[in-house]
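J.: Following the hints, put chain H in place on chain Z, whose structure we already have.
Residue numbers (the working numbering), protein chains in the order written: chain Z, 41 to 370; chain H, -19 to 325.
Wrong hints could be hidden among the right ones.
Unchecked claim - Residues from chain Z shown here face chain H by an in silico Cβ test under 7 Å; the list is partial:
{"hint": "1", "residue": "Asp123"}
{"hint": "2", "residue": "Arg262"}
{"hint": "3", "residue": "Asn286"}
{"hint": "4", "residue": "Pro290"}
Stated by the list, open to error - Cβ-to-Cβ under 10 Å is the rule here; a few derived chain H residues that face chain Z:
{"hint": "5", "residue": "Arg50"}
{"hint": "6", "residue": "Met83"}
{"hint": "7", "residue": "Pro88"}
{"hint": "8", "residue": "Arg95"}
{"hint": "9", "residue": "Tyr138"}
What the hints assert, rightly or not - Listed next, the stretches of chain H that the computed footprint assigns to chain Z, with coverage defined by at least 3 CB atoms under 8 Å from CB atoms of chain Z:
{"hint": "10", "stretch": "5 to 12"}
{"hint": "11", "stretch": "131 to 137"}
Hints were generated in silico from the structure; no laboratory data involved. Ideal placement from N, C-alpha and C gives every residue a C-beta, glycine not left out.
Single-letter residue listing:
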Amino acid sequence: MTAPLDVPGSAAEAQPESVLAGAGKDIQGRSLTRIAWMRLRRDKVALGGGVVVVLLILVAIFSGPIISVFGHDPLEFHQEAIDQSTLLPQGSFGNMGSEYLLGVEPVNGRDIFSRIVAGAWISLLIGFLATLVSVVIGTVLGVVAGYFGGWVDQVIGRIMDVFLAFPLLVFAIALAGVVPDKGFGLEGNGLRIAMLIFIIGFFSWPSIGRIVRGQTLSLREREFVDAARSLGARHGYILFREVLPNLLAPILVYATLLIPTNILFEASLSFLGVGINPPTPTWGGMLSEAVRFYTLPHFVLFPGLAIFITVLAFNLFGDGLRDAFDPRAH
Amino acid sequence: MTEPNYASEPLLSVQDMEKHFPVTKGLLKRQVGAVKAVDGISFDVFKGETLGLVGESGCGKSTTGRLVTRLLEPTAGKVVFEGQDITHMSQGRLRPLRRDMQMIFQDPYSSLNPRHTVGAIVGAPFRIQGVQTENGIKKAVQDILSLVGLNPEHYNRYPHEFSGGQRQRIGIARTLALKPKLIIADEPVSALDVSIQAQVVNLLEDLQNELDLTYVVIAHDLSVVRHISDRVAVMYLGKIVEIADRKRLYSSPMHPYTNALLSAVPVPDPKARKGRERIRLAGDVPSPLNPPPACRFHTRCWKAQEICKTVEPPLGEVASGHRVACHFPENAVETPAATAAAEQS
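With the rest of the complex left out, here is chain Z (with noise of 0.2 Å):
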C-alpha cells in the first residue's frame, strides 16, 4: 500500500477511449521526431540533399579505399601524364580519362579525383567538429541565458555581440601565421585542422546561441515549466528535462544549417594560404592553385563542383528538416 494512489473504482469511469482502443493491442504513440521523420520523407528535394549528405559522408570515411581502387596516391607526382614543354596535362580535357578519372593537375600531374576525395575527408571532419563546437557552446551559453534572464542574459548577450562583431577571417589569417608547428600533442597539419576547428566553432557559436535563447526565452513561459517547478524541479531538471527536449529539433536544424557555411569557411582559408598547409589536399587549397590555370577548365570545376554540391545538398537537406519540424512556418 505504498503506492501514492490506490482507489479501487474510480468516480470517473467514463471510458471511451477504451472502446476505441484494440483489446490487448499495445498503443505506441507517435512522438513529434516520429512524425517530422515521416514528412521529410514525403520532401523529395530535401530526401534527395540527404542522400548526397549520406553520401559524401561514406566518401569522407572510405577515402583511403576509394583511393586505393580508383586513383593514385593524391601526393604523388605523375610526369608521364604531363606535356613537359608545356607543363599542361597531356591530352585533351586533362588526360581525364580511365587512367585519371578527373584528369591530374598541370606541372606535377597529380590525380584530380583522388585529392577530392582526400580532401572531401577535410572538409567535412572540420564542418562537423566546429559545427559540434559550437553548437555545444551556443547551446548551453543560450540556454542558461534564456532560461536565467536577468543580467546573466545581459552579460552573455553582451559577449554574443563581441562574438559577432569580431573580424573573423582577419583574426584567422593573423593567427595562421603565428601556428607553431608542434603543440597540444599534434603536429604540422594535425595541429592546423585542430586550430581551424577551434577558430571556426568558437567563432560562429553567437548565431546558434541567439536562436536557443530565444526559444528557451518562449518555452519558460510555458506552462509545462510551471507545473514542473510546482512540483519542486530543480533547475537542472527543468533545464535537461523540460526544455532541452523542446529545442533539440531547431538545435539539429540549424546545425544541418551551419555545417556547409563552416565548409565554405574553411575553403575561404585555404584558398586564401592560411588553412591546411599544402601539399595536403583540400579543396579551397585546390581552388587557390588552379586559379592560375584559367585556361585549364577542369582544374577549377571539379573542387569548384565539389564544393557546391555539399553546401547545396546540406542547405536543401537542412531546409527540408527545418520544414519538417515545423509546418506551419510558411
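T.: Only chain H this time, still in chain Z's reference frame:
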C-alpha cells in the same frame, strides 16, 4: 460526501498577502512604481472545502494562486499551509511540502510538455519527488490515468494525440499523482469547450469526494464557480471585496461589484430574463499601477459617496460567514457606515 470542517484549523491561511511587481525605468533600473497585482488579501481554506476565487481579468486571481503555490514570491504578508509558514521558505525546504499542494493549470495545450509521453508527464511527480511505488511507476501512472477516465494503455502516447478535454485530464492526473491535500486550480476549464467543461468540473467534484481533496478554484466564470464551490471570494483590483458561502453570495450578494457581476451572467430562459435588471458598469477597470484610493470600486460604483473616496472599507463580517468590504452593502439590514451617512444627510 465529505463536509468541510470549518471548526478546525484551516488547511491554508493567507494573511494580508501582497504582490507588487516593480516597474523600473532607465539604465539604473530605478523603480518608478509598482503594479499592485495583489494588494493585501486574507482568506482561509478549510479541509474538504472548495473555495472559488472570481473576478475579471487582471484582478490578481491567478497571481494569488501562484503566490500560494510559491511560484511567485509574495512581497508582504503571510502564507500558512498546514500550520507552517511557507511565505519565504526556501525552495529546498518547500520541496517535500509540494507533495501536499498541487496546481492545475489553465491551458492544457501549454501545460503538457509536447516532447514527453503521457507516462513521462504523469510519472514526473514520482521522479521529481523521489517517491517509491510498490509496483513501479508505470503501474501507478496507469492507475491514475484510469482514475481520471483515460485509457491506461495510452501510457506511451504524446499530448498532441489527445483532445483538449483529454489533455486537461492528463494535467489533472499529474496533480493527483502524489495524492495532494490541496489543489489550486487556475482556470481549470476556461480553455475548454462548454460541453467538455461540465465533464471536467464533474470529474473534479468526484475526485474531491473520493480522495478527500481541498480545492481553491480560480475562475472568471460565475456559473462554474457556483457549481463547484462551497464558498466564494470575489476579487477586484487586487483585493477581496466579498467572501461568503456560495448560497448566500448568489442569493443575496452585498457588494455592488458582486451584484454587477452576477447580473452579467447570461440567463438561458427568456421568460426569467425579463424581470431581471442588468447592471451595466461604467468605464474600465482602473490601472493596478495607480489604483483609486480608499474603496477601489468607487470610480465605477453607482452607490459611491464621499466616504468611499476617503475611507477604505474593511472586509467586515456583516452576517455569519459573510464578509464584505463596502460602506453601503446591499441586501443588508444595517451597517454602521450607512447609518452614519444617513445621519449626516
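J.: For this structure, which hints from the list above don't hold up?
T.: 1, 4, 10
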